[in-house]
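Which chain is which? The protein sequence lines are A, B, C and D, in order.
Quick note: the first sequence uses our numbering, first residue 1, plus one each step.
Quick note: the second sequence uses our numbering, first residue 1, plus one each step.
Quick note: the third sequence uses our numbering, first residue 1, plus one each step.
Quick note: the fourth sequence uses our numbering, first residue 1, plus one each step.
Careful, some of the hints might be misleading.
Stated by the list, open to error - FRET-style restraints, in silico, Cβ to Cβ:
#1 280/A to 312/C: 38 to 46 Å
#2 320/C to 74/A: 42 to 50 Å
#3 74/A to 387/D: 33 to 41 Å
Everything labelled a hint here was simulated from the structure, so no lab data went into it.
For each residue, glycine too, the CB sits at the ideal point set by N, CA and C.
These are the residues of each chain, in order.
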Amino acid sequence: MSLQASAVESGGQPGPGEDVPEKKGASGGGFRTRATDLLSGSAGRNLGLVIALLLLCLIGLITAGDRFANVDNMMTVLRLASVIGVVSVGMTFVITGGGIDLSVGAIVALASVWATTLATQTMASDVHWILMVSTALAVGAGCGLVNGLLIAYGRMAAFIVTLAMLAAARGLAELIADKKTQVVTVGPFLDFFRGSLLGIPRLVIIFALVAVAGWVLLNRTAYGRRTLAVGGNPEAARLAGINVKRHQTSLYVLLGVACGIAAVMLMARTTAGTSTHGTLYELDAIAAVVIGGTLLSGGRGTIVGTVFGVLIFTTLTNVFTLNNLDTSTQAVAKGAIIVIAVLLQQRVAARSTPG
Amino acid sequence: MSLQASAVESGGQPGPGEDVPEKKGASGGGFRTRATDLLSGSAGRNLGLVIALLLLCLIGLITAGDRFANVDNMMTVLRLASVIGVVSVGMTFVITGGGIDLSVGAIVALASVWATTLATQTMASDVHWILMVSTALAVGAGCGLVNGLLIAYGRMAAFIVTLAMLAAARGLAELIADKKTQVVTVGPFLDFFRGSLLGIPRLVIIFALVAVAGWVLLNRTAYGRRTLAVGGNPEAARLAGINVKRHQTSLYVLLGVACGIAAVMLMARTTAGTSTHGTLYELDAIAAVVIGGTLLSGGRGTIVGTVFGVLIFTTLTNVFTLNNLDTSTQAVAKGAIIVIAVLLQQRVAARSTPG
Amino acid sequence: TSNTPAEESNGGGDDGGTTAVSANDDPGETVTIGFSGPEADHGWLAAINSAAREEADKYEDIEFDIAEGTNDPSAQIAHIESFISKGVDAIVLLPTDGAALTEAATEAMQAGIPVVNVDREFSNEFAARVTILGDNYGMGVSAGTYACQLVEENDLGDAVIAEIAGIDSLPLTQDRSQGFEDALAECGQDVDRRVAAEFTVESGESAASNLLQAANEIDIIWNHDDDQGVGVKAAFENADRDEFFFIGGAGSANAMRWIEAGEMEATVLYPPTQAADGIRLARLLAQDKGLSDLVQVEVPRRIVLNAPVVTADNVEQYMPLGFES
Amino acid sequence: MGAAHQAPDESAGASDRQPLLEMHDIVKHFPGVKALDGIDLDVRAGEVHCLLGQNGAGKSTLIKVLAGAHQPNAGRIIWRGEEVRLPNPQAAIKLGIATIYQELDLVDGLTVAENIHLGHERRNRWGFNAARESNAAAAELLGRLGHPEVSPTTEVGRMSAAGKQIVSMARALSHDAKLIVMDEPSAVLDQEEVGRLFRVVRDLSAQGVAIVYISHRLEEIREIGNRVTVLKDGRTVATGLEAKDTPTKEVIRLMTGRSIDYVFPDRGAGAPEGDPVLEVEGLGRTGEFTGVDFTVRPGEIVGLAGMVGSGRSEILETIYGARKPTAGSVKVAGKRLRPGRVGSAMAAGIGFAPEERKSQALVLRDPIYRNVTMASLPRFSRRGFMHNAEERRAAAEHTGALDLRPNDVERAAGTLSGGNQQKVVLARWLLRECKVLLLDEPSRGVDVGARTEIYALVRSLAASGIAVVVVSSEIEEVIGLSDRVLVISDGSLVHDCPADEIDEHQVLDMVMEGEVA
Ligand SMILES: Nc1ncnc2c1ncn2[C@@H]1O[C@H](COP(=O)(O)OP(=O)(O)OP(=O)(O)O)[C@@H](O)[C@H]1O
Ligand SMILES: Nc1ncnc2c1ncn2[C@@H]1O[C@H](COP(=O)(O)OP(=O)(O)OP(=O)(O)O)[C@@H](O)[C@H]1O
Ligand SMILES: [Mg+2]
Ligand SMILES: [Mg+2]
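Starting from the given sequences, assemble the full structure and let the hints guide the process.
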């Protein structure tokens, strides 16, 4: 008896708005064991991603050998992944809650510029670098709040609101920075964030902390549960007593704060704040989230998947670079690999479901 | 006895995935008249857009006077609107059908490059420029077909597939063009497409034809009905005997052809084919479609709204430029104006509905 | 270490100028040179990349490690970090953002790897061993000065001068505009209309189309970039306007041909050979050689390339420098 | 169940013809479930063949196989003597099999006429949509169904569930079918509507069209059916039973495997006492209902009777705070609720099971336990962290008490059969220990066995001191279950009396006339 049979029948694409329960996610009735449960659960869903990542590493190992497989290179990949990773974790919440945010890159830029103005930096060197961090977080949260209020209480489409924010925040960043790159001069700030702990760069540690906090928040708290409900069926959530609007707003604020953190990390990494920071982060973050298995239509989200999604994209670029592939060929290969990775993930997920 | 039920006050955001009937659109049971019906229909939904556009024109008139309000300038706005307009009309179909396409800009680039290679142009000057046009259309249709097959039959998320296509098509365009700008040398081609008819540039006429054809297709044919059905409730469409996968595929092909047409128009406008053509068209087109009133979650689409959306964005840039506004201020103003336009549209739509 | 007899065919030939005087082109010990630049998403940058690649190919003692072009400073920093960990002998770096890459370059220098900074300058002079700059400010000045000259020659009085800039948020665009403005001020002129495009043909066309509507009569238009110039020129044709002097920037082969054909007044050169020069210098640095062409024995710290104006009078001379875009 | 025995005369002649449809040994697996495990069914032309079975027995799955919407893993389908394959819905439609699905699969954004003709659009000479013709045809079909007032140009998304049901029926009729499958068409209809539906069904079978009719209301089966097939756990347990002659007890025994007394539970001795816990005063919403006044005491069950569209759902939703009233107030235990705030109502101890479980109550993709605990998250969280094991245990306990099938709380709620989804919604509020429970159509789509359980449950909840308000379109249910009956007509409360002082006919009269007969 084929397991695929049921999957073949669904006519609709798994696109936005679909509310048919996913067949691959459904698990068996009476004869389910703990092990298959795990498999068909999050691990099963992520197995495809793990395989894709391993394959990628294998390719890296074969084609670039030691240059790929050394601690330094691994740390480079992780460090590169960490900034967009933090944004993607935040994005996972917004998408799981049924929203979308195109303004993340612009918010990162605005936060980085605001936190590196002469005024802020002077104050920060007088008092403490924490001032710069708070500025970035506050700017991020503020932008997120505006997004959230317009979307939830103003009943506007998230796509449009955040597109407007994308334009406005980047424009504002340019105005503040006067289109110049603002160099970070606060030594202690750089020392702290550019340092390592036990050989692991602090940026990577921050990413890890954000990812773990995100995982706990989504999977182990009432907040996460509400996020899933709001994304899965907002009307049902409302009738079950969840304050849907407030919750949606909070999701955008959360993502705004993540953007603020990312801005701080980027400032440390590049020792500068500029209005060009975070360019195209919106696409990268959404891509990582979606490739990780979070449904773009909301109601199902996975932080582990998102982290894998980010790692896959970053490793891909790293392997390409180590192999000296030219940009155009890289782009073509990247397109093909994304499709293959997702197909792989689907097949594995289908296979790991008990029948 | 009436069978109409009012939609329960929606608590959710009108964002992606919403399938609760629009509250603002809900109209009363027995006491509905023909006139209010019309208002709450497409005209009512577009009234806000008309007002937004008129306001914009008023601002243009006040701030730039004759320079804004002259035929030349109007034609310039229309000519600039026409390329992205054709793509947006195609995008309206895909979004109405429940999909999304991020690869439109890349497809435009690839089609323009492919149609202006030395080989194609040599052949075209020997035979007829129609060869260049057919090449562009075929490339567009081909890319759309790949998108459609992977999404509908490969059951992959449209966002991911078209993101992959975005990377791959642009990369391929770069490889073909070797990152050079390929100048169009086929005189008759340029003469034809850069010419005017009764004082109206041919490009504008093409846009008008595409828009009218799109309107008829969406509103007056079985294909359009099925598009709405497939986007609104794919399972219901399948049960009603519609071949949902084939239909979805055809939508992406349609958009691909629109991209091919846009590529031809762009080749004529810029006298060149290059891999940088169509940059960020995906965002522009989706923004125009959504601001026009098409639901991002599918099932409701309006070509008239899309045309207004395109015109609003193009006029906005025109007015800004006539006023010598700097780019950053433009961006901030643009963000604010988008939000205001949508809020306006919502209020007007709510006002024009009885009850 | 080299025992290949093929050196002549590799090194010499096409670029006679330097090889004649110096022994520096003789093969030395093989060195690895890392190169990182922005994404080649536009003609000038593509020319930079290919010139660098070609230059490296000429020397068989160069092992060329070219990193993927990227517009994300964070990713570029990663490139530098991986160069450091790979232990390359020298790095040629065209930063996406000079300030943002200063720290990474400094680290490389501290690791003993000489860094050649190309085009966009670091914010700290210890971050590079050599800095080769195309002079963006100078480019604006050249364009402005030439515009002044045109005003004078044609007796334009208070001329209507328009500027079509490139990507506005880039510091280099700001430098060019500043130079243009300063030079115009010298002769009592100013920029009446300014629009910004995005270094692409399409954005050039739409920016120029809108610009032409903004003013009925324009005397001089300076366009920052010849690559977007293809679109700018198409816009002129579309609007059927040619009452102005059209000055370009960068100096692509297209622009040179237009000048020859009289369709363009002039273009301000911004040579895409900087990276190629950077490769040469990096090789010399890595092999501990000097510049035997100069009196000075050492490789200099800072080289600023000139931004000459190409007009119908001298276009023939500059034609070979024009890059196909 | 005192419905009249009006047998259509044609049925006698129908029985000796060759079967129109035969299904043999149909097997259908879903991941982890055998939904169908060898089903046999034969249907003759011109008969009304009833399909009975508990929630989850496999009725809907069987008819989806028949409609080409599901592919069976094994089995044969024979149509007019020839074996056929139904790879997709088109194939079934082409053969002349039209289906009204349980989950009303209509497209909200299209009009009535467009939905009716979806997939077989009317076109004019040039291939464009013939809108006028399509509207006219739709109007004719709606007229046949007794609903000439429904405009073919209304958008379906704005119609009530009952309206959508009518559209679905019109769509099935539009196909010129030889067999029409109706999956619980009466679930959302009131008595009058059901009467109209039956007239249409009789018309059709008189024309030789076969009907497969699914319902959980046994009295309907008796009224309209010719033969009965009973399913249990994916198998056919009885087929070809005479609808008129088989005793109800026997049918229930076949379905459930045990004997159940299909009766309403006893009302406790004496009227409930104590101060009213729920007080609704002058509640109104412009255009929907006005001046609704009533009180409910602890332990009392109050039933709201009325026609579909009379505004009962709106009243419940307004009490619950899901809609903001334009007049009046709601008090719980003497404290006034903040109008239009669900949170305020919940905090005061009101629970609400809405009428449309799919769109209003359930997150279909989420596991059952999460749907059950959705309204009680704080109870399972310590400082914001969820106590997952306890959550699952509590959910399983309550779904078990409601006899959920399969009782596996990890399953996605969307994979449950219709009736079982309703039990999940009920479990949500049982978990919350409410003071007041508002139930909108609690037994819609629920099978006899479970229905009896739900009645008993509601009664025992009341006995434990909870005040219950029930809305149902089955007047019999309102009267049988409640202590007090309120009659709603056209948005206002027209009558309020103890349940044992009123009978079905009186209620029906009031509902229609809008006043006491
Ligand atoms: N958009 C609307 N504007 C004004 N009145 C409406 C609207 N929609 C429905 N109504 C009216 O509101 C009343 C309540 O409708 P509804 O179908 O919800 O009642 P109900 O008694 O709950 O029926 P059911 O038993 O099917 O749930 C009806 O009179 C209906 O005509
Ligand atoms: N898509 C699906 N995926 C997994 N299991 C399913 C699916 N659809 C139905 N089932 C299961 O198949 C069984 C039969 O369900 P079905 O809907 O046919 O029952 P039913 O007899 O129509 O019940 P009801 O009277 O409640 O409508 C149930 O156990 C149900 O959970
Ligand atoms: Mg069913
Ligand atoms: Mg109701």
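Which numbered hints fail: No numbers; nothing is violated.
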